[in-house]
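There are 2 protein chains.
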Amino acid sequence: MTIQSVTVPGEFLDLLERPLIAHLATVRDDGAPQVNPMWFSWDGEYIRFTHTNFRRKYRNVTANPVVSLSIVDPANPYRYLEVRGVVERIDADPAGAFFVELAERYDAPFGATPPPDAAARVIFVVRPTATSAH
Amino acid sequence: MTIQSVTVPGEFLDLLERPLIAHLATVRDDGAPQVNPMWFSWDGEYIRFTHTNFRRKYRNVTANPVVSLSIVDPANPYRYLEVRGVVERIDADPAGAFFVELAERYDAPFGATPPPDAAARVIFVVRPTATSAH
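If you're matching them up, the sequences are chains L and D in order.
Per the working numbering, the first sequence starts with residue 1, numbered consecutively.
Per the working numbering, the second sequence starts with residue 1, numbered consecutively.
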């Protein structure tokens, strides 16, 4: 199946370009939703998240790759972007290089060095399939 | 079925007590998650959201009442609370009184008066069933 991408509305692109917190929703094996704050990056085509290959969210997206994320503008909580999408692939990140890239993007208070669980790090590569914004 | 409530960890209760934005995840009829920023209130037992009876999220929770919400501390985005729960009931709010209560709680920039869609307003009454926090 070819997944059709959508274009994110230009006036909301800054919410993906800035190092804001995305609330990523996934679906658990019992059908219940789960949602957690996450770092992300955006390259104009894909949204990427760092995660590990042994935690719940990894099991969720491996079994069901459909996700959604919500971002608000910290300066105006009534301005927001929701992106629904699909985890198109999960890349290995065994040296934690992408984690470090995000830690730099977010100016992480604990520094930008590979995490203790680097060997288990993976990258969720999400293709946007729908957006809603206000 | 009796739904068992959980106790929200005391050191994270402020995230429910303060007028912060919750990102509410629901599951759509095709099984995909949806997540949007929402006002809420907390009375020590239930989390309540204002919504309308004609939009997608209403259809989602009517068909599948299992939800999750994520809240971060604006002063520290690495401090967060996730509450999973069930929409135990949906109350009518035909005068928009609960909407006004939330508009006051959030000091809404557009004022605290009943919305144009007051007649269609409803209240999602969510019982927490699990939490995760950090």
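Hints may contain errors.
If chains are identical, the list can't say which one is meant, so a pair holds when it fits in one copy or spans any two.
[Claimed, not checked] Each computed SDA-like pair below joins lysine to any residue, with the alpha-carbon atoms no more than 20 Å apart:
{"#": "1", "residue 1": "Lys-57", "residue 2": "Arg-18"}
{"#": "2", "residue 1": "Lys-57", "residue 2": "Ala-133"}
{"#": "3", "residue 1": "Lys-57", "residue 2": "Arg-105"}
{"#": "4", "residue 1": "Lys-57", "residue 2": "Arg-79"}
In case anyone wonders, no lab produced these hints; they're calculated from the structure.
(message) Are any of the numbered hints broken by this structure? If so, which, sorted upward?
(response) 1 and 3
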